[in-house]
Amino acid sequence: DAKTTQPTSMDCAEGRAANLPCNHSTISGNEYVYWYRQIHSQGPQYIIHGLKNNETNEMASLIITEDRKSSTLILPHATLRDTAVYYCIVRVWSNDMRFGAGTRLTVKP
Amino acid sequence: DTAVSQTPKYLVTQMGNDKSIKCEQNLGHDTMYWYKQDSKKFLKIMFSYNNKELIINETVPNRFSPKSPDKAHLNLHINSLELGDSAVYFCASSQDWRSGGQETQYFGPGTRLLVL
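Chains X and A, in that order, give the protein sequences.
Each residue of the first sequence is one higher than the one before, counting from -8 in the numbering used here.
Each residue of the second sequence is one higher than the one before, counting from 2 in the numbering used here.
There may be inaccurate statements among the hints.
With a straight-line Cα cutoff of 25 angstroms, these simulated DSS-like cross-link-like pairs (lysine-lysine) come out [claimed, not checked]:
no., chain 1, residue 1, chain 2, residue 2
1, A, Lys41, A, Lys10
2, A, Lys42, X, Lys99
3, X, Lys(-6), A, Lys41
Keep in mind the hints are simulated off the structure, nothing from the lab.
Taking the hints into account, I'd like the entire structure generated from these sequences.
Shown next, in the form of structure tokens:
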């Protein structure tokens, strides 16, 4: 599995967009980019995933660069409840989920 | 209706004891997992089962023995508990790990184990 690099922590003002970057420069062609988050030591929660194209769902948008070496998770209007650790994971098979340290996002009023 | 449930939520026990954690999923998934999250918050996969068969055993001490009575349940039994076993244990499930990159895992709420 490709390694991912994420900033250790980020702050975001409530109501503003939160943009969380992830570098995965050694990603291979069949590896998907997944984002999960973990709130208050609850179980990790799936957010979004993509292969090449940008993706959007009710929670977030995922922007993947054309060379696929990096991606950005966008929470369009962050709320206090979005405060969590966000994990960027690249993998092929679901039993290859390797969580790194993630980015601790703090949404401030 | 909880998709992936675990019991107990908290478990405090003495060193040397044997304990079990139960996991159930009502999603109709074929694959289930156990993860361990230590005090440094790193989340690591321990085991993966597909339709009651072991797929992954990530160099976990043999004091840890998963048991899958049916594909909706994956229990974790731990013998001779040690201080270092203190952690949060998460169960997860997915449709079928062989489905490739589109697979999504759904996690349970976790079991907080403290060994004294």
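These are the hints, each one checked on the structure:
1. Proximity of Lys41 (chain A) to Lys10 (chain A) is assessed by CA-CA distance (about 20 angstroms); at most 25 angstroms being required, the pair is judged to hold.
2. Distance hint between Lys42 (chain A) and Lys99 (chain X) is fulfilled; the C-alpha atoms sit about 23 angstroms from each other, no more than 25 angstroms.
3. At most 25 angstroms may separate the alpha-carbon atoms for a hinted pair to count; Lys(-6) (chain X) and Lys41 (chain A) meet this at roughly 19 angstroms.
In the structure shown, no violation is registered for any of the earlier numbered hints.
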